[in-house]
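Protein chains in written order, with the numbering used here: chain A, 27 to 252; chain B, 27 to 252.
Hints listed in this document are in silico derivations from the structure and should not be mistaken for laboratory results.
Because the structure is a prediction, the values reported are computed rather than measured.
Some hints could be false.
Same chains, same names: a pair is fine if it fits in one copy or spans any two.
Claimed, not checked - Keeping only pairs whose Cα atoms sit at most 20 Å apart, straight-line, the calculated DMTMM-like set for lysine to aspartate or glutamate is:
1. Lys110 <-> Glu94
2. Lys247 <-> Glu233
3. Lys66 <-> Glu163
4. Lys66 <-> Asp239
5. Lys66 <-> Asp210
6. Lys66 <-> Asp55
7. Lys85 <-> Glu246
8. Lys85 <-> Glu44
9. Lys110 <-> Asp86
10. Lys85 <-> Glu60
11. Lys69 <-> Glu94
12. Lys66 <-> Glu217
13. Lys110 <-> Glu135
14. Lys247 <-> Glu122
15. Lys69 <-> Glu99
16. Lys247 <-> Asp108
17. Lys110 <-> Glu225
18. Lys66 <-> Glu225
19. Lys66 <-> Asp86
20. Lys66 <-> Asp108
21. Lys110 <-> Glu163
22. Lys66 <-> Glu135
Protein chains: 2
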Amino acid sequence: MKRRAQASAEPRIPLNRERVLAAAIALADQGGFESLTMRKLAKELGVEAMSLYNHVANKDDILDGIIEIVFSEIEPPSTEVDWKTAMRQRAISTREALARHRWAIGLMEGRANHGPANLSLHNAVLGCLRAAGFSMEMTVHAYSVQDSYIYGFALQERDMSPESADDFSAVAQRQMHEYQAVLDDYPHLVEVVGGYVAESGYDYATEFAFGLDLILDGLEKLRNAS
Amino acid sequence: MKRRAQASAEPRIPLNRERVLAAAIALADQGGFESLTMRKLAKELGVEAMSLYNHVANKDDILDGIIEIVFSEIEPPSTEVDWKTAMRQRAISTREALARHRWAIGLMEGRANHGPANLSLHNAVLGCLRAAGFSMEMTVHAYSVQDSYIYGFALQERDMSPESADDFSAVAQRQMHEYQAVLDDYPHLVEVVGGYVAESGYDYATEFAFGLDLILDGLEKLRNAS
DNA sequence: TAAGCTACACATACAGCGTAAGTCTGTCAA
DNA sequence: TTGACAGACTTACGCTGTATGTGTAGCTTA
Chain A
27 MKRRAQASAE PRIPLNRERV LAAAIALADQ GGFESLTMRK LAKELGVEAM
77 SLYNHVANKD DILDGIIEIV FSEIEPPSTE VDWKTAMRQR AISTREALAR
127 HRWAIGLMEG RANHGPANLS LHNAVLGCLR AAGFSMEMTV HAYSVQDSYI
177 YGFALQERDM SPESADDFSA VAQRQMHEYQ AVLDDYPHLV EVVGGYVAES
227 GYDYATEFAF GLDLILDGLE KLRNAS
Chain B
27 MKRRAQASAE PRIPLNRERV LAAAIALADQ GGFESLTMRK LAKELGVEAM
77 SLYNHVANKD DILDGIIEIV FSEIEPPSTE VDWKTAMRQR AISTREALAR
127 HRWAIGLMEG RANHGPANLS LHNAVLGCLR AAGFSMEMTV HAYSVQDSYI
177 YGFALQERDM SPESADDFSA VAQRQMHEYQ AVLDDYPHLV EVVGGYVAES
227 GYDYATEFAF GLDLILDGLE KLRNAS
């Protein structure tokens, strides 16, 4: 009689940290950051909330874990190409990862515990810049501009682009319509947002590349300076 | 007898939207965003939580309100100076406002309701760029790079700088110490963060100016292009 | 002066949050 | 067979935002 469970009807795949983190990312990707709660996450895994604590220390541990996974999705700079190409690819890869995981921006930099994917990416970027001939001081500057731009762009992309697949110009037109009453006060907003952007649309990847290249070109000139 | 209240012992200064918003900003500035709750805010004002709803629609309304106040603290670009100086000043003013109100980053761009301070600042920046001779297309690009950089820098400054007045190099040294076990894997991190930054320190205002000028100089060349 | 309206502070209650603490059960080693 | 252990579950606590209903002070109007 006791053996019944041995040939059990429900095999019950055991939970583990990886499965918890993967489900957490899926939940946040799809429902937004605020829908990532212990109870919902547990339900997603067919389990009660408290059972998760057998595999992760607490919610903060989950955040550390999924942020680390996002970092691991970013392609580190190649050592096979010139520094500018390498930095360009790494920046684009970072933007793509942050666009896939909108909830991640704002959590990437500030966490107390940095995982190996995070540290080794930072290390690789610094190494790429140093190898390209940037001085210590310039390396810090170069890193700062690039990351500020990348994270800032991702932040704006997250905040300004619609959750769904509506395109940007539709949103722009709707906003223009909403504020019709006071539009006379903002002529340039009307001209640029209401006119140009609403008509020609807006491609985030292209826009990102513009600023990125401007920054990289600017850095090139400082490569062997002070 | 009924007149007693007229010459009342407790004058009870009436609440209003402005007082609620000011207290909300003070609370968030000092205790961080997560400490801005309706109950704490009410207590700060000597009142019960639900009384706040007589003056604001809900918590989101409070957020809209305090974000608008932050926007109003940003100096719009001057029309009296050349475009680069004007853009430089408004960028610096923006960073300062975001450094004063760390909780604001991440809420500035994504809100559904834009107040007049927000709209008129956007309008003024676009106007400045158009007046400087930037084409419609270039104006969009120029705005995008600048704001991405500004917000991204503010985001990193918030996330990486300590809450208190400890200086950056102390934090860098502490982190280096924590990760001692695996530091051999990250030689460039050791060299740049552990060596250079920890020794020479880090001034955010200077660092910000470096990237800002790099971007503005890059934009100057595109001022009368396509 | 009295009636009634309005403004506004308050009290209660509810669902959902993270998680501490304790309990139950299926599996495996000795 | 027994004992240990892993891991899922239950309950409970103090938070959160806010819906709903009550009480009252003060002004307006008859």
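These are the hints, each one checked on the structure:
| no. | hint | verdict |
| --- | --- | --- |
| 1 | Lys110 <-> Glu94 | neither (26 Å within a copy, 39 Å between copies) |
| 2 | Lys247 <-> Glu233 | between (23 Å within a copy, 18 Å between copies) |
| 3 | Lys66 <-> Glu163 | neither (47 Å within a copy, 45 Å between copies) |
| 4 | Lys66 <-> Asp239 | neither (42 Å within a copy, 47 Å between copies) |
| 5 | Lys66 <-> Asp210 | neither (47 Å within a copy, 40 Å between copies) |
| 6 | Lys66 <-> Asp55 | within (14 Å within a copy, 32 Å between copies) |
| 7 | Lys85 <-> Glu246 | neither (43 Å within a copy, 47 Å between copies) |
| 8 | Lys85 <-> Glu44 | within (14 Å within a copy, 36 Å between copies) |
| 9 | Lys110 <-> Asp86 | neither (36 Å within a copy, 43 Å between copies) |
| 10 | Lys85 <-> Glu60 | both (13 Å within a copy, 16 Å between copies) |
| 11 | Lys69 <-> Glu94 | neither (23 Å within a copy, 39 Å between copies) |
| 12 | Lys66 <-> Glu217 | neither (45 Å within a copy, 44 Å between copies) |
| 13 | Lys110 <-> Glu135 | neither (23 Å within a copy, 30 Å between copies) |
| 14 | Lys247 <-> Glu122 | neither (27 Å within a copy, 29 Å between copies) |
| 15 | Lys69 <-> Glu99 | neither (26 Å within a copy, 45 Å between copies) |
| 16 | Lys247 <-> Asp108 | within (15 Å within a copy, 25 Å between copies) |
| 17 | Lys110 <-> Glu225 | neither (33 Å within a copy, 28 Å between copies) |
| 18 | Lys66 <-> Glu225 | neither (41 Å within a copy, 46 Å between copies) |
| 19 | Lys66 <-> Asp86 | within (16 Å within a copy, 24 Å between copies) |
| 20 | Lys66 <-> Asp108 | neither (46 Å within a copy, 54 Å between copies) |
| 21 | Lys110 <-> Glu163 | within (18 Å within a copy, 25 Å between copies) |
| 22 | Lys66 <-> Glu135 | neither (26 Å within a copy, 28 Å between copies) |
Checked against the numbered hints listed earlier, the structure breaks hints 1, 3, 4, 5, 7, 9, 11, 12, 13, 14, 15, 17, 18, 20 and 22; every other hint is satisfied.
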